[in-house]
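**Q** Chains as they are written, first to last, in my numbering: chain E, 1 to 572; chain H, 573 to 951; chain G, 952 to 1028.
Just so you know, these hints were derived from the structure itself, not from any lab. Hints are not guaranteed to be accurate.
[What the hints assert, rightly or not] Using C-beta positions, here's what the derived DEER-type ranges look like:
id, chain 1, residue 1, chain 2, residue 2, range
1, G, 971, H, 900, 40 to 46 Å
2, H, 734, E, 319, 46 to 52 Å
3, E, 250, H, 727, 47 to 53 Å
4, E, 496, H, 875, 47 to 53 Å
5, E, 208, H, 694, 36 to 42 Å
6, H, 727, E, 388, 36 to 42 Å
7, E, 510, G, 971, 28 to 34 Å
8, H, 900, G, 995, 27 to 33 Å
[Claimed, not checked] So these bits of chain G aren't anywhere near chain H, every CB distance computed over 10 Å:
id, residue
9, 969
10, 976
11, 994
12, 1024
C-beta: ideal position from N, C-alpha, C; glycine also.
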Amino acid sequence: MTLVFRKLRKPLKPSELKKRKMDARLQELQPKAILEQPVNTDLDSNIKLMKELFGNSSDLVVREFHFGSDKEIRVALVFIDGLVDKVSLSEAVLKPLLYRTIVDEERRLLPGNAFELIRDWLVTFSSTKEVEKIGVLLDLVLAGFAALFVDGFDRALAPEVKGWKDRSIEEPKAESFVRGPRDGFTETIRTNTALIRRRVRTPRLRFDMYQVGTVTKTDVCVAYIDGLVNPATVEEVKRRIESIDTDSILESGYIEDFIKDDTRTPFNLLDRTERPDKVAGALVEGRVAILVDTTPFVLIVPAVFSEFLQSTEDYYEWNSSVRSLRWLAVLITLTLPSLYVALTTFHQEMIPTGLALSMAAGREGVPYPAVVEALIMEVTFDLLREAGTRMPRSIGQTLGVVGAIVLGQAAVAAGIVSPFIVIVVALTAVTSFLIPNYSASLTVRLLRYPMLLLAGVFGLVGIFWGLMMLLLHMASLRSFGVPYLYPITPAVPAEWKDVFYRAPWWKMDKRPLLLRSPNRRRQSSAQRPEFPPVRPGREPEAVIEENRPGAENQDKKNASSSGKTSGKNGKR
Amino acid sequence: MGIEKGKISRIQAVFLVTNATLATMVLYVPALLARETGQDAWITVILAGAVGVLYGGIVVSIGARFPDKNFVEYSIELLGPWAGRAVGIIFGLFFLYRTGVVIREFSELLVNLVMPETPLVVFNILIVSLATYGVYLGLEVFARVNEILFPIALFIGTVFIALAIPEMEFYQLKPVLVHSLPALLRGSSLLLSFYMEGGGALLMFYPNLRRPEDGKPISYQVALLLVLAMLADIVGVIALFGPEEAARLIFPTYELAKTVHLGGFIEHIESLVVGIWITMGGLKVMVFYYVSALAFAESWDLRDYRPLVLPMGMILAALTVLEFADTNQIRTFFRYMPAFTVTVLGGITILIYLLTIIRKKDTPGGGAAQGHKNERSTS
Amino acid sequence: MLWNLLLVILLGVGIALYEVPKLLNRQMRRELFAFSSVLLLAVALAVALVLRLPVPNPTRGIEILFGPLTRLLYPAS
């Protein structure tokens, strides 16, 4: 194992870790002494304390009331407006308390036993916690629990009445597709875990919760299927998440940067998605998912490069050639502009004569060398794309028109660039959109620029040099112990059926080797669909005729007779 | 295990060794062979292949005896610290020098064929920087890259030769066996010295095989690949140009690629061949460079070879300029190469081999070999 | 010439700046020593080449050392 994770961050020395945690405590906004103290027996001081802690923030609601047969029991309900579901709060907590004074004949509500009775008999909410420390209570209130203080008791009840305005489950915007489930993750971690659980109905699916961020206290959930995942990977993920020490986690991108194997790389070493079906698929393959509250983007580790060229849809709609098309797209995006530059600048003899002539004619009057020309157009395209992404959709379309017609057309007409570079840039743009993963597409597009410069200076030699450097770099990367270029290299040819094309499901009978699942086999291997053989001496049309729904009786006969014939055949 | 902890699979080792031999051999050797032995060159390929298998067998059997030690480590064990380290340093120097030569060979090719206006030093630095990066990343990494690229290069090479077949005239291979034995010897000794370098490199990373005990087939797998590739190349070149013309050319294989065109619209794809040579040559340089750095680090008892890599890159960049004045001197060097390589590399290897036989070190069972089996490592 | 000299020295300094802190951090004294000596050799060699000082050519050495054997193989020339 040391070997597998040898490229990981060096574990911190205990003293260093302690120091870091100390620093973090300094960042904690609440003074530690207050958080450690127990709940007061005196109700008024509890209320005062809560108000003090929240500084009279407008969303803190403190509802004080009396009940019991003689209204002698004083309680206070503290919650944050907007984080709790008021209907269930009143149904499950307020109503029973206010309307009922007697639980039954023997048990009367008295100040002495009020807390126990409320806890055991009155608060009819499914998940309720009993809390003794202010700090814990504070965390719960902030997470959407209500705090119920009872006068005279040094404990508080916290029913889980979470309920806030949540976006409904919608179709993921960033990952578009034709076929496949249309639900996407939301900003609530519970909804998201439920979306996964609904797809993977096994008790071995585990969601291990962590809280990260000293100020934001964000819930982070490590999801995996016990028995399918390599335990060492889970350990490693957990170790890395536990060692995060920051004030805020507002999106899974924060986590991503903290737990990545290598940050000095343009490649993303974690996969991210908004689609529960993709996460479920990854979990079943033996990967680990990291869910972060308040964001629909879920991280999947380990991730290898070839995965970024796989769309979830590939697994539903069987179109095996599209994979190789995407590899071609990566190659074109990366090298086409630089090839253009290298060929026009250094190696004109490689271009067929007719084309070379028209290219030279096109470049006539262009005042710059080809590199500058290509750089201008590529940068323009990237500017347009970036502007289009950040603009509202309606403006984005206008932008496209302006970019294509005004800039492209006019630039050629004005003789600033040659028509060929416009074709090249447009083609590159199209191919770059063929890469299904947004950030992988960004990476490849970013890498065009160094390639362009290399081509401009060293020609083809530079391009090959750049590709070699890139390959070396990619081969050196690892994502949670898995080599980034796996399964291409280290070569596992048996798994290329899911890399360069997509084999039918009955062929993909094993989990990826280097995920090191303790349970590699997914399904029995001989599941290739076989069709009933056409019996000798009968026309295929006749068989189709018999199998029509109308001809059931006949069908039975045929079945028995076919058994006989096949038996006969066997004897022969 | 010594400094290098990375693991490679057997197929990666085969590709690595083959590429470390083939990448420059295919460039310069056909012309030299054609000059010495004309149309009989294919005989020398087979002769050298036979001796090469023998040498490979020696390498592999030493390696299998010390499955957890590389060449320098067991030289120290067998010869004692002083003599062992001296052998290690000679080994390192040999490969350092050869790395310089290989870099020079490639930059010479680039200057001659692709960009004649660019100064040689630029290409030297390009190749050195590429190789330095690769060596710095380690054996595992460049073995993997080689694993992807080598089959592609081999495939494209085969396609090129196959496409040139219509232009070939096979009568030029006749008459057979007209050259004298010394000429054949000259030819095959040159080829052999290339084969030996591959074997020598293998000595250094044999213990990094995932299962060193299963490494024996490497010797003949490599030899088979090499002999087939060289046969195809040399027969193609001679059948295409005839022995006299082939001997006059500097890069006959490149000229062969030049004759290829497909259906009238794909022409001048020889630049593609140059591109392949850059990548495969870069990998060859990496192997030699790595072996040299590792040998030095082991001889000096360092814990890591990486600190040596960058300064060595600088030495290499200087060395490539220093070594030769022009392309002709490289061709002259190939005359001295058989004596040089066979004496140094062959001498060292056979010395160690004899020592292992004399000491009759019992074959390692259990311990180390078992450890490798359990460690299901990635490479 | 002067620029090349500057470039060579800058490269040497750059390499040292990149490696030395790492070596110091990992407390590799022996490696540091080996690194510095090789680097010094490299810079010296490069500077000598840039200044066109006479540097012994290893190829000459090989040709002298292995000349006799080679003449055995190539008796004619």
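**Q** Confirm or reject: residue 1024 (chain G) is not an interface residue toward chain H, with every Cβ-Cβ distance exceeding 10 Å.
**A** Contrary to the label, residue 1024 (chain G) does not stay out of reach of chain H, its closest Cβ about 6 Å off (not over 10 Å).
**Q** Take the C-beta atom of residue 510 (chain E) and the C-beta atom of residue 971 (chain G), compute their distance, and say whether it sits inside 28 to 34 Å.
**A** Given about 48 Å between the Cβ atoms, the range is violated.
**Q** Is the nearest Cβ of chain H still more than 10 Å from the Cβ of residue 976 (chain G)?
**A** Since the minimum Cβ distance to chain H is about 12 Å, residue 976 (chain G) lies beyond 10 Å and the statement holds.
**Q** Tell me if the beta carbons of residue 900 (chain H) and residue 995 (chain G) are separated by a distance inside 27 to 33 Å.
**A** holds, 29 Å
**Q** Okay, residue 727 (chain H) versus residue 388 (chain E) on CB: inside 36 to 42 Å?
**A** Check passed, 41 Å falls within 36 to 42 Å.
**Q** Look at the Cβ atoms of residue 971 (chain G) and residue 900 (chain H) and judge whether their distance stays inside 40 to 46 Å.
**A** holds, 42 Å
**Q** Taking the shortest Cβ-to-Cβ distance between residue 994 (chain G) and chain H, state whether it exceeds 10 Å.
**A** violated, 7 Å
**Q** Using the C-beta atoms of residue 496 (chain E) and residue 875 (chain H), is the stated range 47 to 53 Å upheld?
**A** violated, 38 Å
**Q** Do the beta carbons of residue 250 (chain E) and residue 727 (chain H) sit within 47 to 53 Å of each other?
**A** holds, 50 Å
**Q** Is residue 969 (chain G) truly not at the interface, in the sense that its beta carbon sits beyond 10 Å from all beta carbons of chain H?
**A** Label violated. Min Cβ-Cβ 7 Å, cutoff 10 Å.
**Q** Using the C-beta atoms of residue 734 (chain H) and residue 319 (chain E), is the stated range 46 to 52 Å upheld?
**A** violated, 32 Å
**Q** Please check whether residue 208 (chain E) and residue 694 (chain H) have a Cβ separation lying inside 36 to 42 Å.
**A** violated, 55 Å
Checked against the numbered hints given earlier, the structure breaks hints 2, 4, 5, 7, 9, 11 and 12 and satisfies all the rest.
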